[in-house]
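Colleague: Chains A and B, in that order, give the protein sequences.
Going by this note's numbering, the first sequence opens with residue 1, and the numbers climb by one from there.
Going by this note's numbering, the second sequence opens with residue 1001, and the numbers climb by one from there.
Keep in mind the hints are simulated off the structure, nothing from the lab.
There's no promise every hint is true.
Below, a list of computed lysine-lysine pairs in the DSS-like style, where the Cα atoms sit at most 25 Å apart [claimed, not checked]:
1) A:K278 / B:K1347
2) B:K1209 / B:K1347
3) B:K1490 / B:K1209
4) B:K1149 / A:K278
5) B:K1490 / B:K1439
6) B:K1149 / B:K1139
The primary structure of each chain is shown beneath.
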Amino acid sequence: MSTTTEQRAPGRARPWMDLRVLGPIIALIVLIVVGALMNPNFLSYANITNVLARSAFIGIIAVGMTFVITAGGLDLSVGSMAAFIAGLMIMVMNAALPGLGGGLAVILLGIVAALVAGLAAGWINGFLITTMRIEAFIVTLGTMGIYRSLVTWLADGGTLSLDFGLRTALQPLYYGGLFGVSWPIITFAVVAIIGEIVMRRTAFGRYCAAIGSNDTVARYSSVNVGRIRLLTYVGLGLLVGVATIMYVPRLGSASAATGVLWELEAIAAVIIGGTMLKGGFGRVWGSVVGVLILGLIGNILNLTDAVSPYLNGAIQGVIIVLAVILQREGKAGT
Amino acid sequence: MHVRAGPVMPGEARLELSSVCRSFGPVQVLFDVQIDLRPGEVHALIGENGAGKSTTMKIMSGYLQPTSGEVRLEGKDARFPDSQAAEAAGVVLIHQEFNLAEQLTVEENVFLGRELKRGPFLDRRAMRAKTAELLDRLKCHVSPSARVKDISTPDKQMVEIAKALGRDARVLIMDEPTAVLTNREAEVLFELVERLRADGVAILFTSHKLDEVKRISDRVTVMRDGRVIATTPTAEMTEDQMAEAMVGRELTDLYPARRAPLGDAVALKVEGLDVPGFAQGVSFTLRQGEVLGLAGLIGAGRTEAMEGLVGLRRSTGRVEIDGAPVTIRSPREAQDKGLVYLTEDRKGRGLLLNMGLRDNLTLQSLRDFTNPFLDNKGEDEALTKAIEDFDIRTPSRDARLGNLSGGNQQKLLVAKVMLTGPRIVIIDEPTRGIDIGTKQQIYDFIHRLAEEGVSIIVISSELPEVIGLADRVLVMRRGRIVGEVAGDEKTEDAIVRLAMGLEGEEDRESESA
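Just chain B, same shape as in the assembly (with noise of 0.2 Å):
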């Protein structure tokens, strides 16, 4: 029983949670949430990885219900008991990781569960043109008729914002929407939802990029611990003050100046290592102690030369440790060498999220802890002593690790891959999706690996991650090293325009084709 509001009034919130409580057992993840969406306008959502963010957006979206508290649609109330009751009132939540059916068609799965039908038979034609429609809309080029695992993932995404379209969502909330999106990609996606606020739809999305939450947003709520810290029209915030309010505290400069001098030993030459359909004749060196940046657009060829390097992949070239020649023909062989690589993806290749802390810790060392049975008083030492060295929280010890925050996730990832006693350590995308007082734990832990005489490759997409870090900056287009900056001219400006093949480069097409 409530009390219901008066009439809805323009300007009046479409979605509404108040005094919202939510706890997982006996532990209480949201406090008092209160936050309202609004027709026509673009709320973002931002805070530290855990601080209730994910749990707020399935409550709204009938993921998860409140254990106490109200969520009012259009002054109804709304507690939906599952997403199918939300969706069908409009409410829809696009995950992180896609909902979609890999093996079905983009037409097949924007109409999954509520097929057009004429008479007993699908309407395949009907849906098709639907579908065609829906995509243009999105400017997403995609075939109705592509099957969903050959497309690429920004595409992947347009295709869940169609399936929400098509169901004619009237509160659209998204999880980190560009996350895995280029700039230009995203740049699609904030047209896209201009138009979405001008057709009326009410915007919830989350983001850990703060420029982008300041350039679409109209109000932005700051939720710390479980709470509602702050809920501001956007315009009255600047970048430094979100940030500080999502930690609770100054945040000091994000990368520190190096501050031991670089040696002048080689700890790593790689000499025309080719990777089939990759990358062609990829060769650098790495200095001791080094942090070496390698910048690039998604898909340049990155991360696959670098897996061909520690022998993920097929590979072929010349590489040398130390000095000494060596060949890699699997991660085994390239961890014995002390060369190790830390994936981009750490919840499909670097954990079992069904497992606990312990055994994912352990998983990649586990030689170390064979005697010539399992020496799990020793494991339990090594997590005590990674729960404190990379300040991980958990809700308990042996919680699986599906449970943690993704900073957490990411935190245990590099605590895991350190148990392996490296000297070189491959980086990829060190931060993906995580908030801001994690990352900068995650870039003084490298600092602290670089004066210890460990040599870093930090792959990132995010350029003043890759600038800040690194000595110097190798940029790759189309599986090719095209240039290096170091110094001066380690700017934004300059990465762009080799990656973009701007320059150094005889071949000049554009890249949009």
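Next up, chain A with everything else stripped away, as it sits in the complex (with noise of 0.2 Å):
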């Protein structure tokens, strides 16, 4: 008679707190499991290397939009500064190769300008952010569309292309790598990690969840606030140079249709990982995991005749869905 009440026991009820941590590594199992079945080549080498190779660049970018939103902020400008980085660290090298030469040098100055062009991009959305205290929603709106459109007239509204001697020159920044592994990976690995680290057991990590969560108390608590909120911009701004480092590489090109909706996947990812998009709480191994699943989705689809890779997009959306329901608090409403 009496037993149908007990579901409604406030916030410290354990079972389904089991569900958030597990969810998205079950979620993740389960589709290697399906991928593994459905076709051999999935789990061999290149396959595996091939999707955490084309995963990497928006895990760099999620793992430190996992440390934005934590602290109750969002970054929409992402994948538009990733593209205006890209051009701009092309068109650096392109001018430099006639002093420099095509060796170490200009490779090096077109990585010094990326990873300055990102903390600078970082470093502006935060100053609007928390000095002008315009809302974090509105300010990347507007940078994405500056940075969307200052790549299209640096390019011309057509392409801007490295150099060919300079793209067989940077192409081992993706190709190559280390022990078989290529340097995307690695850098992935590494970033997660410190991201980890830094979010797990350092005072930063512990200030982003607690600005997340209430901001007013962090500053009541001598937490400074605007600056750690700063510093989660520059760093997301520095981590977007990181992947277009490895980007460009890639394609050796740059042009308006460069990183086009990587802010989207970057959020999803860090969403379907955990960390609750109001703030407050956060985990970069969830991120690690959302960035997994959705690269996963993309090439099961690939790899299988089963359903249209047109379809990717929808199943992407329902994944998300799906994990934002199951880490919903158990009370409606409130």
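Got two chains here, separate frames each, mind docking them using the hints?
Modeller: Structure below.
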């Protein structure tokens, strides 16, 4: 008679806390099993490294995005920012080519240019959001349009192409690696591990969660809210720069179509991973799992004939909605 | 299947709980609760924080269901599936934290969810007229078209009550309705309660202020540890008996006399502190180990002045700590100089309710636990010590803070601020919304701190508290310090006269405008 009322106990209930932790991992395992059953090549070394390398760009950005969202923010500009940085990097390297020759110096210059541009772009977002107190959504919606437009303008509506000789010199950044593992995968792993440590084991990570949870409480607790918020955007900008450095050698060009929808993929990965969109709780490993889930879905659709690859976006959308439903608090309404 | 009671007779219960038990997971919080509310009666429910008052009220009003036991409305089974069902049956709970949509107008809030319509369109004129009529009945002077975010806290409460009356409430349950009101505003509320009682509404309210329980209630139910200890006519119980029944032991003197003599060293000297829009020319000194009271009406600028002092608001003025001039631009700078502020708003500004005890405890002093990685073991030890030192009662160490009772949240807030090792502490409303047993613990703690040489400023709207605790009391009115009382002059009368502007200031126009 009196058993059904039990489910309404507040927040402390444990059972589905476990689901929140395990949900993304279970989904990932299910995808791997499905993939392996549908196509024998799925688990081949070549396919796995291919998926990982393609996921690395979004993955690196998603790690930065995890901090931004955990601290109660959002950044819609990362895709455009990546395109703009790619264009800038290509222009800087092409321009420096006659002076510096085609060697390491030009490559290093390109890398530095991308990192500086990323830092600056992130700082501008952060400055407008924290010091000028404009909503993150509005600021990054604005910069999203600005960077997309700038790269179109720089390319004069077409494509910015890296000098052909430089392209060969730069290729190892994407195709090369250590012990058979390519640089994007290694970088993604290193960024993810550092991100996890920073989130879980440093004051910065704790402050991000506190600010996302209630920034007034954080301010009253002597936390420099503006500075921490700014740093999350600067960090994300830097990581966009890092991702772009390895993206440029892959195609050797940048255009208005570069990095389209990256911001949504990164945000989706973060949410699938269990970070709360309204802030206050975030986990970097979850975002990594989220990126892998999104990457595997596309890969499986490409490898099998059962479902059209054109439905990739639809399936990803379903996964995102499911993830949020599974992670929802038990009580509805409040 | 329940046995139906006979026809409802006068004096019989309108809403009744019998043998109600409630558990959250493995933890049982209510045991065989029996309570009945009668039409035309004001019923007070008192008890310490965590005694089960809130759970009881939520079961009455459909926010929670009993694990076992019966809820009856006029003799009929009334285990409401949710609060909407309860409201439809005329049982309305007014929360301590208001349930108002801040961006909507007063009128839109009053009719939220049951808008009057003419054809497919909203009948704004009728709703506005009805709202004005309800507000008039409450002697509340806000405009029906004002946005809720722009009106004062007491007005918000009136809007909540108007909303309940608009729903033809026959059982009105109020969770600490006077906690956010000044004495004068509380008077208006009491008058209203009298009128509702005459109209035959059954009223239940909780309060930690026993004098008002004594004054306006007809019957009182005392709860302790999830059980009803007693239900008696209020006239048969003194305030002391109520307090003792709540705590379950005899209460010693709430305000012990100063045990250690006061030194001469000046810990804090403030000259001409201006906080634009809130405080002007605030000057005072605070001696080492002294407890300085700061009294005044709500809105007198006490909180804002102190927030300006610690860098939470823009301010100008000269500040000296231990004789050395200092500049404080942020709470961090204040904290580095040993000056901390403990907010009055523990839920909105003090604590992260969705996070755990440990993360909350160390948030303000996280630098001390960084090496450069967080020292989780050190944090755990700090939590163990805080739980012990401050007698924090929690379902578990891993509980979210929102699951602690108000008194235990307050103790954790004090522990959090003290973990920074301050030498000057500003405590704003140290005992707002907490029970008498916890109050005593916090008073004890303030005395111990002062004995250890920590200098303390206590802001309080409860006059007995500020008089009992402080060595000297400063009184603020309209952003200025208008007087200081100490020793024998430290009486409620003297403070009230200063706070209301009846003496000590040229400006004598009445406050009520």
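Colleague: Are the hints correct? Go through all of them and say.
Modeller: Results for each hint:
no. : hint              : in the structure
1   : A:K278 / B:K1347  : 18 Å, holds
2   : B:K1209 / B:K1347 : 21 Å, holds
3   : B:K1490 / B:K1209 : 21 Å, holds
4   : B:K1149 / A:K278  : 22 Å, holds
5   : B:K1490 / B:K1439 : 21 Å, holds
6   : B:K1149 / B:K1139 : 20 Å, holds
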